[in-house]
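Undergrad: This is what each chain is made of:
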Amino acid sequence: GAVVSQHPSRVICKSGTSVKIECRSLDFQATTMFWYRQFPKQSLMLMATSNEGSKATYEQGVEKDKFLINHASLTLSTLTVTSAHPEDSSFYICSAVGQGPYEQYFGPGTRLTVT
Amino acid sequence: SQELEQSPQSLIVQEGKNLTINCTSSKTLYGLYWYKQKYGEGLIFLMMLQKGGEEKSHEKITAKLDEKKQQSSLHITASQPSHAGIYLCGATRSGAGSYQLTFGKGTKLSVIP
Numbered sequence: 001g002a003v004v005s006q007h008p009s010r011v012i013c014k015s016g017t018s019v020k021i022e023c024r025s026l027d028f029q030a031t032t033m034f035w036y037r038q039f040p041k042q043s044l045m046l047m048a049t050s051n052e053g054s055k056a057t058y059e060q061g062v063e064k065d066k067f068l069i070n071h072a073s074l075t076l077s078t079l080t081v082t083s084a085h086p087e088d089s090s091f092y093i094c095s096a097v098g099q100g101p102y103e104q105y106f107g108p109g110t111r112l113t114v115t
Numbered sequence: 116s117q118e119l120e121q122s123p124q125s126l127i128v129q130e131g132k133n134l135t136i137n138c139t140s141s142k143t144l145y146g147l148y149w150y151k152q153k154y155g156e157g158l159i160f161l162m163m164l165q166k167g168g169e170e171k172s173h174e175k176i177t178a179k180l181d182e183k184k185q186q187s188s189l190h191i192t193a194s195q196p197s198h199a200g201i202y203l204c205g206a207t208r209s210g211a212g213s214y215q216l217t218f219g220k221g222t223k224l225s226v227i228p
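Those protein sequence lines, which keep their order, are chains A and B.
Per the numbering used here, the first sequence runs over residues 1 to 115.
Per the numbering used here, the second sequence runs over residues 116 to 228.
One or more hints might be untrue.
With a straight-line Cα cutoff of 30 Å, these simulated DSBU-like cross-link-like pairs (lysine-lysine) come out [as the list claims (entries may be wrong)]:
#, chain 1, residue 1, chain 2, residue 2
1, A, Lys41, B, Lys220
2, B, Lys142, A, Lys41
3, B, Lys151, B, Lys223
4, A, Lys41, B, Lys151
5, A, Lys66, A, Lys41
6, B, Lys175, A, Lys64
7, B, Lys171, B, Lys223
8, B, Lys223, A, Lys41
9, B, Lys220, B, Lys175
10, A, Lys14, B, Lys153
11, A, Lys66, B, Lys220
12, A, Lys64, B, Lys142
13, B, Lys153, B, Lys220
14, B, Lys132, B, Lys223
15, A, Lys41, B, Lys153
16, B, Lys132, A, Lys41
17, B, Lys183, B, Lys142
18, A, Lys41, B, Lys175
19, A, Lys41, A, Lys20
20, B, Lys142, B, Lys223
21, B, Lys220, A, Lys20
22, B, Lys151, A, Lys20
23, B, Lys175, B, Lys223
24, B, Lys153, A, Lys66
25, A, Lys64, B, Lys132
26, B, Lys166, B, Lys179
27, A, Lys20, B, Lys153
28, B, Lys171, B, Lys132
Since the hints were derived computationally from the structure, they do not count as laboratory data.
Produce the entire structure from the sequences given, and follow the hints as far as they go.
TA: Written out as structure tokens, the structure is:
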């Protein structure tokens with residue numbers, strides 16, 4: 001099946017710094033990617049929809065200036081957590097819409113820890 | 116907004132036993148996905164159901180969507196340790212063309228050898 005990668009898999013950063021997470025579709029082009037956030041023992045919460053060549057659409061309550069999303073190519077979307085704080089520590093997962101109907105593939109996730 | 120309730124929250128079964136996980140929606144389900152997640156890892160796609168009464172099987176896993184399209188079940192036959200993980204149901208928010216998913220909180224499955 002289609003493969004989606006994320007980099008890095010784990011990152012620790014200091015409070016106040018920014019961190020970038022990459023999401024790549026390895027063997028297919030994805031015009032649409034999604035970014036989710038998952039807290040321990042909680043469900044995945046959709047943060048934003050990333051569309052290639054256009055601005056991302058953010059879910060209610062998600063700060064677009066804090067979580068910057070760039071979808072510059074058909075195989076890459078990036079999520080930048082700006083001025084990170086400990087409450088931003090979480091598991092971030094991206095997904096990419098495939099070629100076939102209703103196909104959606106998830107990345108392995110990135111564990112962010114802000115100290 | 117749509118909410119998905121999964122039950123049970125956790126499940127411990129002996130290897131070889133059958134089990135069922137349920138996913139109930141507060142609204143009509145237009146598309147219902149089942150994923151498996153290992154702790155701290157990404158989601159593995161299992162099955163997707165759309166039509167009322169639809170049933171799909173893959174290896175020892177069977178998923179069904181009821182006629183009213185508000186409840187889905189995932190059934191594992193003769194469970195194995197490899198089935199252990201967190202099972203998540205996810206639903207598309209609206210009709211055809213929608214890919215944004217709302218997820219349930221997951222069911223943690225442990226299989227004792």
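Undergrad: Check whether the Cα positions of lysine 223 of chain B and lysine 41 of chain A lie no farther apart than 30 Å.
TA: holds, 9 Å
Undergrad: Taken at face value, is the distance from the CA of lysine 175 of chain B to the CA of lysine 41 of chain A at most 30 Å?
TA: holds, 26 Å
Undergrad: Holds or violated: lysine 175 of chain B with lysine 64 of chain A, Cα cutoff 30 Å?
TA: Violated: lysine 175 of chain B and lysine 64 of chain A sit about 43 Å apart, past 30 Å.
Undergrad: When you check the alpha-carbon spacing of lysine 41 of chain A and lysine 153 of chain B, does it fall within 30 Å?
TA: holds, 12 Å
Undergrad: Mind checking the alpha carbons of lysine 41 of chain A and lysine 151 of chain B for me, to see if they're no more than 30 Å apart?
TA: holds, 14 Å
Undergrad: Take a quick look at whether lysine 183 of chain B and lysine 142 of chain B sit within 30 Å of each other, Cα to Cα.
TA: holds, 10 Å
Undergrad: Has the given pair, lysine 171 of chain B with lysine 223 of chain B, been kept, meaning a C-alpha gap of at most 30 Å?
TA: holds, 22 Å
Undergrad: Sort out whether lysine 20 of chain A lies within 30 Å of lysine 41 of chain A, counting only the CA atoms.
TA: Distance of about 24 Å is within 30 Å: holds.
Undergrad: Would you mind confirming whether the straight-line C-alpha gap from lysine 220 of chain B to lysine 175 of chain B stays at or under 30 Å?
TA: holds, 23 Å
Undergrad: With a cut-off of 30 Å on the C-alpha distance, tell me whether lysine 175 of chain B and lysine 223 of chain B pass.
TA: holds, 18 Å
Undergrad: Is it true that the CA of lysine 64 of chain A sits at most 30 Å from the CA of lysine 132 of chain B?
TA: Distance ~47 Å between lysine 64 of chain A and lysine 132 of chain B Cα, so the pair is violated.
Undergrad: Holds or violated: are the alpha carbons of lysine 151 of chain B and lysine 223 of chain B at most 30 Å from each other?
TA: holds, 10 Å
Of the numbered hints stated above, those contradicted by the structure are hints 6, 25, listed in ascending order.
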